[in-house]
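6 protein chains.
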Amino acid sequence: MPRKKKHPRESFVSMTELVLPNDTNTLNNLMGGRLMHWMDIVSAIAAQKHSNRIVVTASVDNISFRHPILLGNVVTLRAKVTRSFNSSMEVRIDVDAEDIPSGKKIESNSAYFTFVAVDQSGRPIDVPEIEPETDEEKEFYNGALRRRQLRLILAGRMKPHDAHELKSIFDMKE
Amino acid sequence: MPRKKKHPRESFVSMTELVLPNDTNTLNNLMGGRLMHWMDIVSAIAAQKHSNRIVVTASVDNISFRHPILLGNVVTLRAKVTRSFNSSMEVRIDVDAEDIPSGKKIESNSAYFTFVAVDQSGRPIDVPEIEPETDEEKEFYNGALRRRQLRLILAGRMKPHDAHELKSIFDMKE
Amino acid sequence: MPRKKKHPRESFVSMTELVLPNDTNTLNNLMGGRLMHWMDIVSAIAAQKHSNRIVVTASVDNISFRHPILLGNVVTLRAKVTRSFNSSMEVRIDVDAEDIPSGKKIESNSAYFTFVAVDQSGRPIDVPEIEPETDEEKEFYNGALRRRQLRLILAGRMKPHDAHELKSIFDMKE
Amino acid sequence: MPRKKKHPRESFVSMTELVLPNDTNTLNNLMGGRLMHWMDIVSAIAAQKHSNRIVVTASVDNISFRHPILLGNVVTLRAKVTRSFNSSMEVRIDVDAEDIPSGKKIESNSAYFTFVAVDQSGRPIDVPEIEPETDEEKEFYNGALRRRQLRLILAGRMKPHDAHELKSIFDMKE
Amino acid sequence: MPRKKKHPRESFVSMTELVLPNDTNTLNNLMGGRLMHWMDIVSAIAAQKHSNRIVVTASVDNISFRHPILLGNVVTLRAKVTRSFNSSMEVRIDVDAEDIPSGKKIESNSAYFTFVAVDQSGRPIDVPEIEPETDEEKEFYNGALRRRQLRLILAGRMKPHDAHELKSIFDMKE
Amino acid sequence: MPRKKKHPRESFVSMTELVLPNDTNTLNNLMGGRLMHWMDIVSAIAAQKHSNRIVVTASVDNISFRHPILLGNVVTLRAKVTRSFNSSMEVRIDVDAEDIPSGKKIESNSAYFTFVAVDQSGRPIDVPEIEPETDEEKEFYNGALRRRQLRLILAGRMKPHDAHELKSIFDMKE
Numbered sequence: 060m061p062r063k064k065k066h067p068r069e070s071f072v073s074m075t076e077l078v079l080p081n082d083t084n085t086l087n088n089l090m091g092g093r094l095m096h097w098m099d100i101v102s103a104i105a106a107q108k109h110s111n112r113i114v115v116t117a118s119v120d121n122i123s124f125r126h127p128i129l130l131g132n133v134v135t136l137r138a139k140v141t142r143s144f145n146s147s148m149e150v151r152i153d154v155d156a157e158d159i160p161s162g163k164k165i166e167s168n169s170a171y172f173t174f175v176a177v178d179q180s181g182r183p184i185d186v187p188e189i190e191p192e193t194d195e196e197k198e199f200y201n202g203a204l205r206r207r208q209l210r211l212i213l214a215g216r217m218k219p220h221d222a223h224e225l226k227s228i229f230d231m232k233e
Numbered sequence: 060m061p062r063k064k065k066h067p068r069e070s071f072v073s074m075t076e077l078v079l080p081n082d083t084n085t086l087n088n089l090m091g092g093r094l095m096h097w098m099d100i101v102s103a104i105a106a107q108k109h110s111n112r113i114v115v116t117a118s119v120d121n122i123s124f125r126h127p128i129l130l131g132n133v134v135t136l137r138a139k140v141t142r143s144f145n146s147s148m149e150v151r152i153d154v155d156a157e158d159i160p161s162g163k164k165i166e167s168n169s170a171y172f173t174f175v176a177v178d179q180s181g182r183p184i185d186v187p188e189i190e191p192e193t194d195e196e197k198e199f200y201n202g203a204l205r206r207r208q209l210r211l212i213l214a215g216r217m218k219p220h221d222a223h224e225l226k227s228i229f230d231m232k233e
Numbered sequence: 060m061p062r063k064k065k066h067p068r069e070s071f072v073s074m075t076e077l078v079l080p081n082d083t084n085t086l087n088n089l090m091g092g093r094l095m096h097w098m099d100i101v102s103a104i105a106a107q108k109h110s111n112r113i114v115v116t117a118s119v120d121n122i123s124f125r126h127p128i129l130l131g132n133v134v135t136l137r138a139k140v141t142r143s144f145n146s147s148m149e150v151r152i153d154v155d156a157e158d159i160p161s162g163k164k165i166e167s168n169s170a171y172f173t174f175v176a177v178d179q180s181g182r183p184i185d186v187p188e189i190e191p192e193t194d195e196e197k198e199f200y201n202g203a204l205r206r207r208q209l210r211l212i213l214a215g216r217m218k219p220h221d222a223h224e225l226k227s228i229f230d231m232k233e
Numbered sequence: 060m061p062r063k064k065k066h067p068r069e070s071f072v073s074m075t076e077l078v079l080p081n082d083t084n085t086l087n088n089l090m091g092g093r094l095m096h097w098m099d100i101v102s103a104i105a106a107q108k109h110s111n112r113i114v115v116t117a118s119v120d121n122i123s124f125r126h127p128i129l130l131g132n133v134v135t136l137r138a139k140v141t142r143s144f145n146s147s148m149e150v151r152i153d154v155d156a157e158d159i160p161s162g163k164k165i166e167s168n169s170a171y172f173t174f175v176a177v178d179q180s181g182r183p184i185d186v187p188e189i190e191p192e193t194d195e196e197k198e199f200y201n202g203a204l205r206r207r208q209l210r211l212i213l214a215g216r217m218k219p220h221d222a223h224e225l226k227s228i229f230d231m232k233e
Numbered sequence: 060m061p062r063k064k065k066h067p068r069e070s071f072v073s074m075t076e077l078v079l080p081n082d083t084n085t086l087n088n089l090m091g092g093r094l095m096h097w098m099d100i101v102s103a104i105a106a107q108k109h110s111n112r113i114v115v116t117a118s119v120d121n122i123s124f125r126h127p128i129l130l131g132n133v134v135t136l137r138a139k140v141t142r143s144f145n146s147s148m149e150v151r152i153d154v155d156a157e158d159i160p161s162g163k164k165i166e167s168n169s170a171y172f173t174f175v176a177v178d179q180s181g182r183p184i185d186v187p188e189i190e191p192e193t194d195e196e197k198e199f200y201n202g203a204l205r206r207r208q209l210r211l212i213l214a215g216r217m218k219p220h221d222a223h224e225l226k227s228i229f230d231m232k233e
Numbered sequence: 060m061p062r063k064k065k066h067p068r069e070s071f072v073s074m075t076e077l078v079l080p081n082d083t084n085t086l087n088n089l090m091g092g093r094l095m096h097w098m099d100i101v102s103a104i105a106a107q108k109h110s111n112r113i114v115v116t117a118s119v120d121n122i123s124f125r126h127p128i129l130l131g132n133v134v135t136l137r138a139k140v141t142r143s144f145n146s147s148m149e150v151r152i153d154v155d156a157e158d159i160p161s162g163k164k165i166e167s168n169s170a171y172f173t174f175v176a177v178d179q180s181g182r183p184i185d186v187p188e189i190e191p192e193t194d195e196e197k198e199f200y201n202g203a204l205r206r207r208q209l210r211l212i213l214a215g216r217m218k219p220h221d222a223h224e225l226k227s228i229f230d231m232k233e
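These protein sequence lines map, in sequence, to chains H, P, W, X, A and F.
Letter 44 of the first sequence, counting from 1, is numbered 103 in this note's numbering, and no numbers are missing.
Letter 11 of the second sequence, counting from 1, is numbered 70 in this note's numbering, and no numbers are missing.
Letter 124 of the third sequence, counting from 1, is numbered 183 in this note's numbering, and no numbers are missing.
Letter 144 of the fourth sequence, counting from 1, is numbered 203 in this note's numbering, and no numbers are missing.
Letter 7 of the fifth sequence, counting from 1, is numbered 66 in this note's numbering, and no numbers are missing.
Letter 33 of the sixth sequence, counting from 1, is numbered 92 in this note's numbering, and no numbers are missing.
Do not rely on the hints blindly, as some may be mistaken.
Copies of the same chain look alike in the list, so a pair counts if it fits in one copy or across any two.
[To be verified] Derived pair list, reagent style DSS-like, types lysine-lysine, alpha-carbon separation capped at 27 Å: (1) Lys197 with Lys64; (2) Lys64 with Lys163; (3) Lys164 with Lys64; (4) Lys197 with Lys63; (5) Lys164 with Lys65; (6) Lys63 with Lys163; (7) Lys197 with Lys65.
Honestly, the hints are just simulated from the structure, not real lab data.
Remember, it's a predicted structure, so these values are computed and weren't measured experimentally.
Please construct the entire structure, taking both the sequences and the accompanying hints into account.
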């Protein structure tokens with residue numbers, strides 16, 4: 060019997076955070092670790108919504124922090140599941156920041172976190188498959204395969220010559 | 060005039076954290092985002108020690124979370140700079156966890172964070188070069204080049220056919 | 060010259076929080092004070108978005124906490140400005156909670172917070188007027204007048220016989 | 060058999076907090092949500108002392124924030140139960156703030172929170188009645204009836220024409 | 060010209076804290092470090108009230124933690140200045156804890172913290188002298204001299220044979 | 060049968076903390092209570108490592124805070140067990156702080172905390188004895204006896220004329 064399919068939008072979560080003094084370094088910039096903490100929470104909620112299970116963080120893909128986010132800025136994080144593989148789910152997070160009094164927006168940043176759904180005793184358990192709807196969702200869905208191959212190679216769990224889809228990473232745009 | 064060189068051990072930092080209730084999910088497992096927050100702090104201190112500058116997080120490489128860390132565990136994070144490139148520094152972090160009453164150690168986890176040294180107005184500023192001493196430090200130093208190429212490609216800032224060292228990633232062991 | 064008008068949706072903010080151990084009492088219920096802290100942050104951001112100014116909390120209307128929200132629940136807060144009066148803005152916040160693994164939703168709760176927009180030295184400054192679009196926004200816009208009269212009477216700043224619109228409060232539905 | 064009566068002073072609690080950076084907005088003013096969080100804790104303790112039970116926040120009455128409280132100020136919150144109704148208790152909280160180095164006191168603020176006493180499984184349970192002693196306590200005790208009627212009407216649980224005592228609210232001074 | 064004198068009761072501060080999950084160890088006992096953090100805040104406020112100055116912690120005397128304080132307990136800390144010496148002030152803190160639902164009180168604990176009053180640039184500045192009123196205050200005032208001698212000897216800043224009052228410590232009761 | 064002996068180095072723990080805004084007072088100095096909180100955590104971990112048991116803080120010896128530690132400083136705490144007595148362990152903590160960008164080190168500070176090892180129901184349980192190795196460890200081991208006598212006298216649990224080793228305290232150097 061095939062597993063039930065769900066759409067990416069069913070797992071969509073939006074989270075808003077205000078940058079407070081303890082979140083910043085001595086230049087009054089948001090610390091990267093604090094932002095990753097928020098990314099982990101918002102994407103874990105998205106993975107929970109997709110799977111209706113407790114989830115644990117399995118991996119985080121390469122993240123670039125391009126522009127400083129400042130004390131007092133409002134940070135918006137948006138997450139949704141892009142694709143699932145048995146018990147694991149890839150979640151894409153998009154981050155925007157804004158200095159509201161001046162109306163200045165800080166350029167966005169994105170990341171991929173992977174979660175595993177588990178039962179009460181911590182054992183992995185299968186989750187619904189993803190059926191993408193929009194063009195963007197389909198692009199994320201297709202890209203998930205090569206991102207997964209890169210993750211497995213970097214974790215030493217796949218041999219490079221078996222990563223057929225990964226070759227295309229060299230043409231990949233984010 | 061050549062820049063001063065420093066050894067990886069000069070930037071070594073060790074940090075110990077106790078896993079408290081607010082750091083855990085409903086399975087009493089340490090949340091990945093909290094661990095990344097600690098990784099960012101310990102590696103930022105290592106980068107500060109190497110550069111004697113304020114530093115900002117530039118990127119985080121792929122991280123795998125293999126084994127759950129539990130409430131009450133003691134987490135030890137060790138960081139040192141592996142290599143510098145003008146104003147940027149790659150830092151390797153190794154994480155261990157232990158349930159001290161039972162003496163049970165949780166298998167280690169490692170990660171690479173990259174920082175940029177900046178002056179008081181936030182402009183990048185050059186840092187000392189790294190001169191590795193031990194065999195392990197030399198291996199990290201050499202691997203830094205291909206990890207950097209992968210970072211630049213993933214950030215869309217390098218073309219794959221220019222990444223000569225990256226080809227060896229497919230034989231890379233962590 | 061008339062002030063620029065803005066729509067309620069332009070100030071819309073959604074915030075998601077995970078209930079952690081320190082947010083709960085000994086029955087594992089979310090403490091009311093923690094929820095009000097989140098309500099204040101999400102509604103302050105809505106007021107900032109409407110006014111593009113720094114804002115300070117001026118008052119909070121009567122709030123009822125009907126159903127317990129539990130440890131591990133995901134709390135979603137949605138806020139938008141309902142009406143402005145010179146430098147002050149009324150914001151309505153709607154709160155939902157969900158136990159995602161079981162799919163059980165906790166019945167919603169709502170509240171009104173009032174903010175004053177201020178300049179850098181803390182002096183009140185006028186904000187755009189609100190032009191409601193949907194039927195619900197129009198209902199909130201109209202109700203704002205009698206809620207304001209009740210606020211002023213309770214603060215001892217208006218005499219009851221001047222509160223013409225307030226008489227209808229006795230027929231008010233939430 | 061009549062329930063035991065207790066005096067308001069038996070539930071009196073005083074709490075002192077120092078305003079730290081993370082409690083403030085970008086004007087260095089204490090955020091309203093943080094103050095409400097403290098109000099909830101001090102009044103919950105007062106309700107616990109009166110009932111010797113676990114208590115849950117049931118409602119909060121209209122609160123006005125008149126004067127800014129600043130970073131470094133010492134905030135004193137004083138709470139006592141004003142009246143009980145079966146399993147519910149109304150608590151009055153008075154707030155003062157002081158900039159101690161300059162000796163400048165910030166004008167007080169007051170609020171009413173309502174709590175329900177519950178047993179270990181969360182079911183409401185009756186609490187002692189209140190016997191006011193001082194003139195001020197008697198005034199709070201008498202006023203509790205009309206504040207309760209307003210609360211019930213605002214929550215849609217009482218019809219206005221049944222609120223006999225509420226009519227006097229229009230002459231009420233705080 | 061003699062300095063103004065103040066009474067211990069003028070610096071009296073009472074602080075109440077609720078023991079939350081993150082304040083406890085794996086036995087659900089309040090951690091000693093968290094209690095000392097609270098002791099430091101309440102006694103710093105007492106020293107501020109006495110001196111109307113910014114104060115910095117100079118030393119802490121020996122503290123014994125006799126009885127465990129538990130999750131959910133209400134902790135009450137009471138502080139007042141016992142004696143001043145030029146720019147320094149000794150503050151006594153008394154701690155009580157209570158499990159309110161069961162009415163069980165946890166036996167008290169006490170401590171002495173010493174603070175130095177400083178001006179805006181951090182330089183020590185003289186504070187008013189203390190004039191004790193009650194018998195207990197006089198006992199604390201007299202004992203302050205030998206506690207100070209013990210502090211100075213332990214810090215290597217006084218020679219034992221100059222500590223005339225300290226000899227009586229061997230008869231001291233707390 | 061004699062208990063197993065362990066060396067001080069087996070319990071060694073190093074902890075690094077970055078001073079954040081909420082850790083500081085209005086002079087941007089680290090608050091003493093925050094530092095004691097960290098001291099308690101690092102020394103509890105050392106006592107856990109020595110005993111492989113849950114531990115509770117029993118007492119803290121006199122601590123002097125000589126030099127201000129500032130916002131943005133990196134604080135390093137190092138702890139190891141100096142001696143054990145049945146179920147109790149004395150831990151010495153050494154604290155250093157550094158302003159890394161300027162390379163300025165803040166002079167060290169030290170403290171002794173005492174812990175009791177307990178079983179799951181909170182009853183004291185014997186721990187291994189300490190066998191010091193270095194000259195410094197031997198000095199700490201020998202001094203532990205007279206520090207313990209001072210602790211017992213100050214807690215009213217030993218009569219001064221029984222404190223034979225304590226007499227030497229008057230020649231003690233730290």
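Hint-by-hint comparison with the structure:
1. Lys197 with Lys64: within (14 Å within a copy, 39 Å between copies)
2. Lys64 with Lys163: For Lys64 and Lys163, the Cα distance is within 27 Å only across copies (20 Å; inside one copy 40 Å).
3. Lys164 with Lys64: between (36 Å within a copy, 22 Å between copies)
4. Lys197 with Lys63: For Lys197 and Lys63, only the intra-copy Cα distance (18 Å) is at most 27 Å; the inter-copy one is 41 Å.
5. Lys164 with Lys65: Between copies, since 19 Å is at most 27 Å while 33 Å is not.
6. Lys63 with Lys163: This pair counts as between: shortest inter-copy Cα distance 20 Å, intra-copy 43 Å.
7. Lys197 with Lys65: within (13 Å within a copy, 35 Å between copies)
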